[in-house]
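Engineer: Modelling step: build the complete structure from the supplied sequences, incorporating the hints.
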Amino acid sequence: MAVTGWHRSTWAEVDRAAIRANIQNEQAHLPENVALFAVVKADAYGHGMLEVAKTAKEAGAKGFCVAILDEALALREAGFDDFILVMGAVPQAFAGLAAQKQIAVTVFDIEWLTGLAPLPMNLDVHLKVDTGMGRLGVRSMEAVREIEAEIAKREDVTLEGIFTHFATADQLETSYFEKQLACFRQVVASMAVRPALVHCANSATALLHEQADFDAVRFGISMYGLTPSPEILSALPFDLRPALSLYTEMVQVKELMPGDHVSYGATYEATECEWVATLPIGYADGFIRAYAGFLVSVEGVLMPIIGRVCMDQCIIKLPCEYPVGTKVTLIGGPNSADVAARYLNTINYEVTCLLSERVPKKYIH
Numbered sequence: 094m095a096v097t098g099w100h101r102s103t104w105a106e107v108d109r110a111a112i113r114a115n116i117q118n119e120q121a122h123l124p125e126n127v128a129l130f131a132v133v134k135a136d137a138y139g140h141g142m143l144e145v146a147k148t149a150k151e152a153g154a155k156g157f158c159v160a161i162l163d164e165a166l167a168l169r170e171a172g173f174d175d176f177i178l179v180m181g182a183v184p185q186a187f188a189g190l191a192a193q194k195q196i197a198v199t200v201f202d203i204e205w206l207t208g209l210a211p212l213p214m215n216l217d218v219h220l221k222v223d224t225g226m227g228r229l230g231v232r233s234m235e236a237v238r239e240i241e242a243e244i245a246k247r248e249d250v251t252l253e254g255i256f257t258h259f260a261t262a263d264q265l266e267t268s269y270f271e272k273q274l275a276c277f278r279q280v281v282a283s284m285a286v287r288p289a290l291v292h293c294a295n296s297a298t299a300l301l302h303e304q305a306d307f308d309a310v311r312f313g314i315s316m317y318g319l320t321p322s323p324e325i326l327s328a329l330p331f332d333l334r335p336a337l338s339l340y341t342e343m344v345q346v347k348e349l350m351p352g353d354h355v356s357y358g359a360t361y362e363a364t365e366c367e368w369v370a371t372l373p374i375g376y377a378d379g380f381i382r383a384y385a386g387f388l389v390s391v392e393g394v395l396m397p398i399i400g401r402v403c404m405d406q407c408i409i410k411l412p413c414e415y416p417v418g419t420k421v422t423l424i425g426g427p428n429s430a431d432v433a434a435r436y437l438n439t440i441n442y443e444v445t446c447l448l449s450e451r452v453p454k455k456y457i458h
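The opening position of the sequence shown corresponds to residue 94 in our numbering, with each subsequent residue numbered one higher.
Derived from the structure by calculation, the hints contain no laboratory data. Owing to the predicted nature of the structure, the values given are computational and were not obtained by experimental measurement. By construction, the Cβ of each residue, glycine as well, lies at the ideal position given by its N, Cα and C atoms. Any given hint could be a false lead.
[What the hints assert, rightly or not] Calculated pairs, DSS-like style, for lysine-lysine (alpha carbon to alpha carbon, straight line, at most 30 angstroms): (1) LYS454 / LYS420; (2) LYS410 / LYS347; (3) LYS420 / LYS455; (4) LYS194 / LYS246; (5) LYS134 / LYS155; (6) LYS147 / LYS454; (7) LYS420 / LYS410; (8) LYS134 / LYS455; (9) LYS150 / LYS347; (10) LYS134 / LYS194; (11) LYS147 / LYS194; (12) LYS150 / LYS194; (13) LYS134 / LYS272.
[To be verified] FRET-style restraints, in silico, Cβ to Cβ: (14) ARG247 / GLY426: 48 to 56 angstroms; (15) ALA95 / THR360: 30 to 38 angstroms; (16) ALA245 / CYS446: 33 to 41 angstroms; (17) ALA282 / GLY426: 19 to 27 angstroms; (18) TYR436 / ALA171: 29 to 37 angstroms; (19) ASP163 / PRO416: 43 to 51 angstroms.
Structural biologist: Okay, here's the thing in structure tokens:
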């Protein structure tokens, strides 16, 4: 059973106003006839799926995209009756459950359809086309026609949508993107009947490229106020507002003497008298060992994590003695998820997705 640490002085804050602003700014950027689907997979990229879904719906999102069927079921169980698309693979055995809950699923090969037992009610499907990502999706016009024909023979399956996913939409160099886009448009144009929902845009595509001839965008990382990649930051049509901050408090402050060591492996040695603070957060919370040396903020002053990050705790070096209970900003303000991602040599998606269920989320605004 997952346990959330409500009785510990470590928490994340999620700013609903930031999420609303990011959605509404993107909606203003889109043609009026293009719907915005909020991507809330992976616990809303670590921001909390149900609360984010509620905020996104209030802001005008017309539906949701998730990665696995269980995420869609959780939305239904929470009372969301909106459009939901599972973008990952759903085993045939659970197609009936998806149909019962009116959850759209992704079809990416003919065998899934031909091996599907008759369903007691209609199942909406979206055909995934692999135009160059190399993941799920059909790869030929012939495969598209086969799937169209197979669906046409069935009374229990409706081809509601068709979509693709871009490999390089978050790059300024667009030749590969344009190649994928042209391929997708060709596929759609060749279909016997254009599905009701034709969509191709992730956050980067929705921000940087025209969507007039499509029906929806899948707004993911940028709904949370994070840029799809640092490369396109200067090209964004509006400023993104980061929604998540991560905080903790000092639980012990002590003075080290020259020669004293800190944490596992005794990798840090004090060379002079210095103050340090123990923080109640570690890699079990998603604040991984690679954060060693990362600068966190105390009253606007950046201070380094010293020694190895432990499972449940880490230690920071202080310029002077601070009182126990002093608030520490781990992610947010001057050390945003983008800054953390650069330090960890990864992407901002991973920074927020790493946060475990043990870290409670407090929703503000």
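Engineer: Hint by hint, say whether it matches the structure.
Structural biologist: Each hint, compared with the structure:
no.: 1; hint: LYS454 / LYS420; verdict: 16 angstroms, holds
no.: 2; hint: LYS410 / LYS347; verdict: 10 angstroms, holds
no.: 3; hint: LYS420 / LYS455; verdict: 15 angstroms, holds
no.: 4; hint: LYS194 / LYS246; verdict: 23 angstroms, holds
no.: 5; hint: LYS134 / LYS155; verdict: 16 angstroms, holds
no.: 6; hint: LYS147 / LYS454; verdict: 15 angstroms, holds
no.: 7; hint: LYS420 / LYS410; verdict: 14 angstroms, holds
no.: 8; hint: LYS134 / LYS455; verdict: 19 angstroms, holds
no.: 9; hint: LYS150 / LYS347; verdict: 48 angstroms, violated
no.: 10; hint: LYS134 / LYS194; verdict: 18 angstroms, holds
no.: 11; hint: LYS147 / LYS194; verdict: 19 angstroms, holds
no.: 12; hint: LYS150 / LYS194; verdict: 19 angstroms, holds
no.: 13; hint: LYS134 / LYS272; verdict: 28 angstroms, holds
no.: 14; hint: ARG247 / GLY426: 48 to 56 angstroms; verdict: 54 angstroms, holds
no.: 15; hint: ALA95 / THR360: 30 to 38 angstroms; verdict: 31 angstroms, holds
no.: 16; hint: ALA245 / CYS446: 33 to 41 angstroms; verdict: 39 angstroms, holds
no.: 17; hint: ALA282 / GLY426: 19 to 27 angstroms; verdict: 48 angstroms, violated
no.: 18; hint: TYR436 / ALA171: 29 to 37 angstroms; verdict: 35 angstroms, holds
no.: 19; hint: ASP163 / PRO416: 43 to 51 angstroms; verdict: 44 angstroms, holds
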